[in-house]
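A.B. asks: The residues making up each chain are set out below.
Protein chains: 4
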Amino acid sequence: MKIRYAMVGGDLGAFIGEIHRKAINLADDVKLVSGCFSRDYNKNKQTGEHYFIDASRIYKDYKTMALEEAKKEDRPDFIVIVTPNNTHYSIAKIFMLNGFNIVCEKPLCFTVLEALELEKIAKENNILFGVTYTYTGYSMVKYMQQLIKDDKIGNILQVYAEYPQDWLISALNNEISGPGLEIWRMNKEFSGITNAVGDIGTHIEQTVKYVTGLKIKRLLAIVNRFGYDLDLNANILVEYNNGVIGNYWCSQIALGHPNGFKIRVYGNKGSLTWFQETPDYLEFANADGIKSKLIRGASYVYGNCLNVNKTPKGHPEGYHEAFANIYKTYVKALRKQKNNQTLLPEDLDFPNITDGVEGVKFIHAVIKSDKDDSVWINL
Amino acid sequence: MKIRYAMVGGDLGAFIGEIHRKAINLADDVKLVSGCFSRDYNKNKQTGEHYFIDASRIYKDYKTMALEEAKKEDRPDFIVIVTPNNTHYSIAKIFMLNGFNIVCEKPLCFTVLEALELEKIAKENNILFGVTYTYTGYSMVKYMQQLIKDDKIGNILQVYAEYPQDWLISALNNEISGPGLEIWRMNKEFSGITNAVGDIGTHIEQTVKYVTGLKIKRLLAIVNRFGYDLDLNANILVEYNNGVIGNYWCSQIALGHPNGFKIRVYGNKGSLTWFQETPDYLEFANADGIKSKLIRGASYVYGNCLNVNKTPKGHPEGYHEAFANIYKTYVKALRKQKNNQTLLPEDLDFPNITDGVEGVKFIHAVIKSDKDDSVWINL
Amino acid sequence: MKIRYAMVGGDLGAFIGEIHRKAINLADDVKLVSGCFSRDYNKNKQTGEHYFIDASRIYKDYKTMALEEAKKEDRPDFIVIVTPNNTHYSIAKIFMLNGFNIVCEKPLCFTVLEALELEKIAKENNILFGVTYTYTGYSMVKYMQQLIKDDKIGNILQVYAEYPQDWLISALNNEISGPGLEIWRMNKEFSGITNAVGDIGTHIEQTVKYVTGLKIKRLLAIVNRFGYDLDLNANILVEYNNGVIGNYWCSQIALGHPNGFKIRVYGNKGSLTWFQETPDYLEFANADGIKSKLIRGASYVYGNCLNVNKTPKGHPEGYHEAFANIYKTYVKALRKQKNNQTLLPEDLDFPNITDGVEGVKFIHAVIKSDKDDSVWINL
Amino acid sequence: MKIRYAMVGGDLGAFIGEIHRKAINLADDVKLVSGCFSRDYNKNKQTGEHYFIDASRIYKDYKTMALEEAKKEDRPDFIVIVTPNNTHYSIAKIFMLNGFNIVCEKPLCFTVLEALELEKIAKENNILFGVTYTYTGYSMVKYMQQLIKDDKIGNILQVYAEYPQDWLISALNNEISGPGLEIWRMNKEFSGITNAVGDIGTHIEQTVKYVTGLKIKRLLAIVNRFGYDLDLNANILVEYNNGVIGNYWCSQIALGHPNGFKIRVYGNKGSLTWFQETPDYLEFANADGIKSKLIRGASYVYGNCLNVNKTPKGHPEGYHEAFANIYKTYVKALRKQKNNQTLLPEDLDFPNITDGVEGVKFIHAVIKSDKDDSVWINL
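Chains as they are written, first to last, in the numbering used here: chain W, 1 to 379; chain L, 1 to 379; chain R, 1 to 379; chain D, 1 to 379.
What the hints contain is simulated information worked out from the structure, not anything from laboratory work. Worth double-checking, as some hints may not be accurate.
As the list claims (entries may be wrong) - Once the Cα atoms are required to be at most 35 Å apart in a straight line, the calculated DSBU-like pairs of lysine-lysine come out as:
id, chain 1, residue 1, chain 2, residue 2
1, D, 188, R, 217
2, R, 152, D, 371
3, L, 31, D, 209
4, W, 45, R, 371
5, R, 371, W, 43
6, D, 262, D, 120
7, L, 209, L, 31
8, D, 368, D, 336
9, L, 152, R, 149
10, D, 262, L, 2
11, D, 209, R, 217
12, R, 371, D, 93
13, L, 209, L, 368
This structure is a prediction, so every number in the text was calculated from the model and none was measured.
Extracted from the complex, chain W is given alone in its bound form:
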């Protein structure tokens, strides 16, 4: 069965659009058939040509695209939204209302109200909606979920997660003058109420939820802006429904960390540590405290992560594959849906619209707590 997709955003120079296209190629045989890649019409056209897309299916605006593509016989099976965060809401809405399935970059949108509205539309229209919280796509993150589900670490006692990066230290040190990616992230108009928390803090929230299944009851946060409009660093304490504590830290000014997302979950029978920079490993400490290094592709690895596993052990996989794994699962589910087959819970092993809503709620609670002198906020 042939699956087609279209894209809003992601012209040739854009980082994340390229990642999505490569990931889709790695995941499955899916064809890019139309797009509105840029507000700049030349860039838009050029991107379309590069991907051998029929010129008639390159659109100047996403609204026309939604309406026109909806009429096609070979209409796209899903739309990939990789535009700046402030536009996700309107784009996702119009495409859903025209019956398109969606894969949207995170965060889903700006406000909780918007998020809830999108969720409602998605449910009413039976939309298969994916949100690319990338880190849930890593094989060993899936294996971490499996081991926790299978009681390998017992009852969870503490979650300790950090996501330090250092790429905005130059912004902090005022070395950045021209317009660029940094400016976009730290600009309220495009990024909303938050920079670091929305960009990376939310990955902690989502990935911890994915591996542990824990729900946040309340949280308390301190964010640091260092004179800028938006946050560059945040410490967040969370209390889950079962009373367990999670300690989250995210930063874009922590020198020495290229992309140091690390999750540790401590149970009474074992603990697990996953580190994004070496994503093929998963560290397991048993009840005697002995730390072992588990590796993707090894014979002892089992469960859902095998559905997305590709190369043999010791042949490193990375960011492209994590993205690809989300798409692999998403497209597989899409095929079943198109085939009128029932979708089982394991078919839906990717972040969905409800995860997207919770992501937006988390961000707002963090910023509110900080504003109120770091008090506890119930979720």
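Once you have looked at the hints, place chains L, R and D on chain W.
C.D. replies: Coordinates of chains L, R and D only, in the frame set by chain W:
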């Protein structure tokens, strides 16, 4: 100049007493001349004999010891107190009042009032008072202090420190039935209001203070007791006087961590990480984010840490040497004092009575914050 | 400019064929237009269908394919050979004689004579010939070459390289009974005179040559077969033309190593270490012995490796990308060639037919040395 | 029972003498009663005074010392020899002939003939003779021996051991002009036929023998002198009696390695890795290839290493403790001997005179192989 010392606590079977004696031997040529090693007279006597101490100078109780030893011509130059925490106050007090210098195990005592009283007595009597917050003794902790002082990491932006251990997981899992060390730590009578925070959380507080010079303005804490009287796990957010945030976590039930004390200090020009289990290394990330591994004993290492450095690079030093380094500095200061030489700030590079007081205050603030549903407490 | 390719070997179930196709997709926009994917016609046809290849261009044998495809107007620009090692020679030969450019899996072929003949044909016919020694494709391997070329480590004093794996320990322990990949590797008919040395030892030889430029003058080897026909473990000492010593070890029975290829090059001004399992890092020790961790994508990285760099620092790349990097360079060179542009040395930054020849020579010298009770063999 | 010792060499400024004295203090309660610490009489006297040794028992030369001390009622129970290598033979000989037990720094002496003579004297006179091959004293090296003995890794398939240091790179780069430690090591008169092989290569040989029990049948070596009289780097292949291969590399010019002694032993059921710079850990890979980190002091650790274990897990031990562990065992054996108790094999768990002899043989075979253009030499 011959230096003599005596000991209260620390019979032959006691862990920490033995560490102190070995550390003193490693540090300098100092003679053990009297003691009250145990309430059990046989153990007491036996310990004295083992160390060739004159039987007349082994005492049944520390009060008699203080009074009798004060009369000797070759009286001890300092008293080492390595008894359970609940007795530090009374012992330290009577020896100081009899003019003895003191080295006391941490925590200094139970209450802030007791701590302040001891501080007052020490100052009034010109007592050289050391508190063995061990981790300030490590060479590379001293070097970390030096590098921060010399602006190698610029302005501090965030402190992130953890002290996870796993040795009490068996207590949590109820596998411990008989009396033992674990019971002592988790018994209010001997440990006071706290177990984990007082035992290891305080090492975070002291060592961070030592390396950064930052003062805590307020803190917020959640401790977990998991059904026991005393805490086994704690998350603590601190705000320093300059508005920088510190995130502290200590735990005795974190499987996979034998003794995982780690301090990370992030500045706008660099960051530093020290990990207790490999104490000869210090990780430095520069302004480009490049992480380097500095090592004790290398030619580029400079500053105060050279005063305590012993073996060449790559010949590992550890816990004994950290302890020894505190004593080396303490005894050197004692010699100067005895010689009527002026003690310079660098001569006093060991935790003193004021550090001890602040340690007690920290513990009480943490427990109070937790009790009040984790609100902020000013220090 | 549209580039087309065809494939011999690599049906849907084959590991390495799939890797090549995905790598080509990651590298560039190149179209698969014909193939002879399997001796099993059903598998062959099925693979063709999966990739939307015109049925008329799926061939039962590679000879017919070479002759027929040579006649097409839209003939493939290059042929990818991913068949078992014993067939590389005949396949490469006939396609070259019909004017096709080639990318061939390593090792190039079985004997030195065959290798030299292929080299002669390639040169006479101006064939662009790539051999996929994968590890030369990693960004940080390229950067290692750059740093050595730019004298960052001074004169090389010692090379120390190892390639331990553990996947054949079960063969050694006789737990493998059925036919399978293991059997193929350890079967003389398909693998020739060597298993481990030909499979992985040769990666050491090629990658060291790539990063250092050193030529082997003589070598001495001991291989271990543990009762099997072919080698599972080998220790190889090499002396380069300049008198420097290299120490190579490869093994497929070294428990604890998934794919532990590691190269260390020691110079008088610095040293460099690259480890395949964490390929985005490169460890550099300077003249003071300080070890730094360099990372792909960081701002300080420069040189040829930037031509293949894709994702930002800390977003891990792996095996697919290493392969893709070889193809990216190869296809770029092909485009220039097709455009009648002069190919510069930097355009040819991929392992070529001469590397393939040297790889075969190395293998034969190793096996000969071992046979002669481990004497030195001149190359 | 009071144990006394004396020392030849090791004045106050000498590195290794100080290490021995501190190690003895850490190990046991043993008294230093006499010495000939230096050829420089002032240094000699000063050292004696510092250690409160009766002036009458400080000797100008070791011969007088041997004769005079032999007459004393409270004569030393053992003599520690920490003089330059060229003097070990004569000193050990005269003290043994006067009935003294010996602990001698490695290497035992210069020639195989001297070594065999010392061995003969030691046996004829029932001398308890220890040679301080330090690395056999580490707890986790002892545990490694235990695990191998208990078949935890099955049959050994390969040994891979390296001992790289970088402290002589400055010598290589001609930055050292004045007299100093470096000069001593690289001077034939004091160091004999070898520098690096004798200083550190021999630690590989001894420690591998200690942990595996394997005997070397033949070896082949290439050493690099880089223009100096003595070797700074060596690659050594060894074949053990059972046909297994060992690959040894030692270097003093390998930048990035402070003291990087690492031993890896691969068996068909598991593998073990010990690294000197983090000596409290032992890495174990099981039959599935899963790597675990074992740690000194943990509850699962068992066997002989418990006899020397001191601090709890996670409280690092290092070089002092390794040395101390040798002395602890040696002195315990001495006590039993003095008590006329039978010494069991486990009482003699320290390197002895026969190990010393084998060490000298190893060194000579390595240098001979290299001289003969790197041929195999039978041992």
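A.B. asks: Indicate, hint by hint, whether the structure satisfies it.
C.D. replies: Quick rundown of the hints versus the structure:
no. : hint            : verdict
1   : 188(D) / 217(R) : holds, 31 Å
2   : 152(R) / 371(D) : holds, 33 Å
3   : 31(L) / 209(D)  : violated, 41 Å
4   : 45(W) / 371(R)  : violated, 64 Å
5   : 371(R) / 43(W)  : violated, 63 Å
6   : 262(D) / 120(D) : holds, 33 Å
7   : 209(L) / 31(L)  : holds, 32 Å
8   : 368(D) / 336(D) : violated, 41 Å
9   : 152(L) / 149(R) : holds, 31 Å
10  : 262(D) / 2(L)   : violated, 43 Å
11  : 209(D) / 217(R) : holds, 33 Å
12  : 371(R) / 93(D)  : violated, 47 Å
13  : 209(L) / 368(L) : holds, 21 Å
The structure fails hints 3, 4, 5, 8, 10, 12 (numbered hints given earlier, in ascending order).
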